[in-house]
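Using the hints, position chains D and U against chain B.
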Amino acid sequence: MTGREGRPGGRRGEQSMVPRAEFESYYGRPVLKEPVWKAPDVPAYLFLGGLAGASSALAASAQLAGNRELSRAAKTAALGAISLSAGALVHDLGRPARFLNMLRVFKVTSPMSVGSWLLAAYGPVAGAAAAAAVTGRLPRAGAAATAAAGVLGPAIATYTAALLADTAVPAWHDAHREMPYLFAGSAASAAGGLGMLAVRPAHAGPAVRFAVLGAAVELTAKSLLLRRLGPAAEPYQAGRPGKLMETAEVLTAAGLAGAVLAGRSRVAAAVSGAALLTASALTRFGVFEAGRASARDPKYTVGPQRERLRQRLPG
Amino acid sequence: MSTRWSDRLAEEADPARPLDPAALAGYADHPARMGFFTDTSVCIGCKACEVACKEWNAVPEDGLLLTGMSYDNTVGLGASTWRHVAFIEQIAARPEEQSGPATGDASRWLMSSDVCKHCTHAACLDVCPTGALMRTEFGTVVVQPDVCNGCGYCIPACPFGVIDRREEDGRAWKCTLCYDRLSGGLEPACAKACPTESIQFGPVDELRERAQQRVSDLQDAGVAGAQLYLDQPDDGIGGGGAFFLLLDRPEVYGLPPDPVVTTRDLPRMWRHVATAGAALAVGALLASIGRRSGGGA
Amino acid sequence: MAEAHPVGFQWVMEAKARGATIIHVDPRFSRTSAMANLHVPIRAGADIAFVGGLINYVLQNEKYFHEYVRAYTNAPVILTEDFADTEDLGGLFSGFDPEHRSYDWETWRYQGDEHIAPASGARGMHPRHRREVQEAARGEAHGSGGAAAHPAPDSDETLQHPRCVFQVLKRHFARYTPETVAQVAGVPEELFTQVARLITENSGRERTTAFVYSLGWTQHTVGVQYIRTAAILQALLGNMGRPGGGILALRGHASIQGSTDIPTLFDLLPGYLPMPFAHHGRDNDLDSYVEAEKVDKGFWANTRDYMVSLLKAYWGDAATADNDFCFDYLPRLTGSHSTYDTVLLQMDGTCKGYFLFGQNPAVGSANARMQRMGMANLDWLVVRDLVLIESATWWKNGPEIETGEMRTEDIKTEVFFMPAAAHTEKSGSFTNTQRMLQWHHTAVDPAGDARSDLWFSYHLGRRIREKLAGSADDMDRPILDLTWGYPTGGAQQEPDADAVLAEVNGRDADGKPLSSYTQLSSDGSTACGCWIYCGVRAGGVNQADRRKPGREQNWVANEWGWAWPANRRVLYNRASADPDGQPWSKRKALVWWDAEAGKWTGHDIPDFVADRPPSYRPPEDAVGVAAISGIDPFIMQADGKAWLFTPAGLVDGPLPTHYEPQESPLPNLLYRQQHNPIRQIIAHPEDRFQPSGDQPGSEVFPYVTTTYRLTEHHTAGGMSRFLPYLSELQPEFFCEVSPELAAERGLEHMGWATIITARSAIEARVMVTRRMTPLQAGGRTLHQIGLPWHWGPNGYTTGDAANELAHMSLDPNVHIQEVKALACDIRPGRRPRGPALRDLVREYQERAGITADTGTEL
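Protein chains in written order, with the numbering used here: chain B, 1 to 315; chain D, 1 to 297; chain U, 1 to 858.
Next up, chain B with everything else stripped away, as it sits in the complex (with noise of 0.2 Å):
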């Protein structure tokens, strides 16, 4: 192959002559296609979906702990995060008259269809201990459901992980080992958060512990992600989603902070609650627009792919 000419392969209208492709790509063309999932629909989803499920786990250990006003709080809290994930999430099917097509089979292979049925489990059960500890109606139904919906969180909270790993987009399958601890750190710090906004500091203690926790993990493991990425990092640094992680991080990072000094005052708790609640939705949001930037420049998967064939073959 003879060496490039004039510009190298760019955007259309950058072109000064039918460019040579670059021995990299096909006219700077994508290899991948974006998710077609819209913005703020699924992100969203995968915040609220989180705050629902760690809502759920803090309710019930809250309810074990005889801790009623958390939990009630907590239990709310879950039920409208869910109601409205499910809404965003029909709404953005391109047939969401089609929506229960999703319970046609059951798919270990797919993250989506495991968590079709882990929703359409949740659900119920998230309405039925919300329900019975609003009304105060069915104690012993009520607790069942809280039970059940405290064991089906956790599931909630981190298979959007799997969700978002088990595609092409390199910047999400190259994080496969660290999502999970992304999303469920994110969303325990999301949910606590939640809890010491809504919750009198005498009560919000397991919130405060549940937050601080969270908080941590989710630092840690966004460390931990872009470090083993290493050059495949640049989606999550760069742009758009770099400035969204960025600003989720010193969210959190605040927040935490505020978690542990808040002490009794109700304001400082809600102040580091609002902010651990907006830095998990940003994460979210920087994770998704990552992932869109990652499969939209054919670097990110060429790149890596050529690599791991030199790698592999002799010579």
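Hints in this document: simulated from the structure, not taken from any laboratory.
Yeah, the Cβ is synthetic: ideal placement off N, Cα and C, and Gly gets one too.
Accuracy of the hints is not assured; some may be wrong.
To be verified - Below, computed lysine-lysine pairings styled on BS3-like, alpha-carbon distance capped at 30 Å: (1) U:K16 to U:K63; (2) D:K192 to U:K548; (3) U:K16 to U:K548; (4) D:K192 to U:K16; (5) U:K548 to U:K588; (6) U:K467 to U:K599.
Said to hold, decoys possible - Here are the computed distance ranges between Cβ atoms for each label pair: (7) U:E466 to D:L186: 47 to 57 Å; (8) D:M134 to B:A39: 48 to 58 Å; (9) B:A238 to D:M134: 31 to 41 Å; (10) D:A28 to B:G87: 39 to 49 Å.
Chains D and U in isolation, oriented as in the chain B frame:
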């Protein structure tokens, strides 16, 4: 499901054995696996394949756009393009001193008809939550448009960027390897239309043999860059039901050099999900232990 | 070929797979070049120099096939003393008449042979010659049944005589050296020599080389001479009539071969019989027509049989020996009625009505502007097409409406649009470029008002006959006496195409189908609509409908479809065997003499008198078919030989000569004579020509532009620009330029450019590509611009028509336009709109000093 997993693990233990996706999918009695061998060395870039495919499958026209990408105004595969001819101009440099003509044998204009690979291990099929994507008895991968609810999961799952969602329609669409024609004993429309037999249709085993011979002939003749792509069962997708003879590296054509079905890493993903989920649950429980649990009163 | 005949190109790929070397000579690196082993970029308009160079190489290096040339060409024939070549006259031949812009062929004769007639018959004859023959013939026509025979011309079998064709040829092409080829055609010496080596090494007994050409060769003011050059080369190399050899003329679209066989050309009757003329007292009657037309030797000697049978097919029982078989009924030519001459007649009001059958001159004919102006002056215009093509809508959306030169409300032409049936909606034949007829059947009836051309012609004729019924006027007899009783059927009363085919095939007096043109008679007992098609319905079976798969036949596959004449697939295949009747080599056997059986046999049907042994030499007084010797493979030629030198038949020279195109940035480096002196110039204020070569003003149009096709579109776009699936493949009109030209003129990839000639200016998107390469020619860098000519203002994808730029300077033999080599300027940006467009063109004309005389010099 579990049968398929264990079978697949067994297959992967013996990479040289060509895989039988129809059997893995549960077909007891099925015809030979059918597919495409696209020999791009004889493609004349006529795009009869693109037109024949659209005509037969009533695929809509999807954009009048002069791209400047040589003679490629189709751009890539998508929901409404199931055969896409790529054009890559590799014209030799002119002699330094004067702008004389490029000598014919050093200049190339690569042309290649791209198509869905009908992977042995098809990520799109693996991730489809409705079962719309299915494996046919011919070993091909087909979307059932009456089931698909447009969730879009198959789209980022495909390592080749083949399948896509039709915006006006909402569903995912891709090459069916003319399943309806196969069921009637006919060859796919693109293979029928191709005048130079660049697109060859037949049993995948036969096609592989033919391809081996062809690439060997080309390499003996000194044709630079002649290589097969996706013909072997030991690659990251278990080999393609549609595979290619290329005259340069795959990425030159917009193809991934080392595609891997994402499902390969899924067991690990589930393990980490389980661990993270468990940690989340434990963390929640622990949060309520100790002073200031806020309980009682 | 890959661009315009992708399906046919599969056979080139097949050959390549078997080891053939593919050489592609073309100004642009196209999809054909991508598949070729060698691409030779050439200056458009310089092919005679290039192929002439190959001829010179063959002659100088003695690479010609000696035995073949000696036995089967007119190489040994000695020319008359008076002949003078371009070598002697600065680019002209002897016999040039500057006043009439014509050649007198007297000095091109064979020595000792007064009046050899060309294969094309009377139509190819010099008018004075034709008169003489007729006068001579009249006396002989009555009674004896034929003209006197001529003795064989003087010849030198050793090919040494200075005036023998071989030596004349050698001398004529001596200046076409590799250096000259490089300068004139822009092909570097090394590359040229490589091509010469490849083709000579691949020709001879054991191997043959095939030439394939299309409109890149025909659409020049020297188009016919282009093909002549290749014919000479192929004859010298011994490739004619041999398997894997020959010259394949790829035609412009499906069945255009059929439309010259059963012609839509003004000067031909079916089977290439000439249309009779009205003037000079010639063609007064059948006898004088036949005498002028026929030759003494070969199958044209039976012209009378063919003509009478045709007249019987036309007028049936009304045509009898007493009334000259209604010969009088045939229309007569009064001059050139070519399409470009017709445009002039339209503009001056002489031609009042026009039928366009699947033709789109508003986009597809040279000087598209004049085409529309002509149509704007008609009383009525009938357009038959699948879609509303530009030739049907110019009156409301043509470029002249945009510039304000025409206003819709002022145009008086009454335009009728008759929707036409597509080929899937009617039955009939296609005759493709290899003379093969293939039948196709109606798959579905046409929808709505759409009807086939057959339906239209038949019912129009029927209605006219009904209106004229009972008329006593002699003027109406030709129409009323026509055999018009074709059966019709179906809801639409579609005429039976098979019945028409049967009439074309011919029948005997008992109405039984004929099987060979040798059965045709001039006594009125046979009727045949086209003598070369006689046999297509032999035995009452539609031979064109045969579909025996190739795998069940030998490699010639005679039982798929039917080729004319007599289903022979390779013309002149007698030449594939040596003078003793044995194949030149086993490897290249095609037909041979079976002495035991006493007939010719082989893989193909022999294109020869079936039972004539190779040893046969005709007696001195033999005429007609009997005069063909056993070693005369070229049976349509008067002397049975391939003509290296053409003593008669072409109006612009017996040997091909490189002349520059009508418009060229370069002077003729080979001769003083710049242009083809005999080219047909249609001069008109709307058809101004540019200065060329060293003439002042030539530098205003410094680039060569050539028109060509893209696979995705078809001709003038009527069958592609209206279809989404094709339009999306090539959605916009673009020009192709090299990066060097782009830099020189400030053109941007995917930007816009305006291309200007003395006729008009068009705009196109710019495709900057290294596939276009600057050439070194005439001591300078020469840039070429490629223009696909498919676009017009209607349809799914629209754009300017390349033919706006073209002029009407035509090849004088066949009146074809020169759109393959024009000179132009190019500048970045879109073109002006409205009246400003014409201002731009005028500005260029002024800058170049263009007057009514520019470019019209000899």
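query: Hint by hint, which ones does the structure fall short of?
result: Going through the list in order, the structure violates hints 6 and 8 and respects the others.
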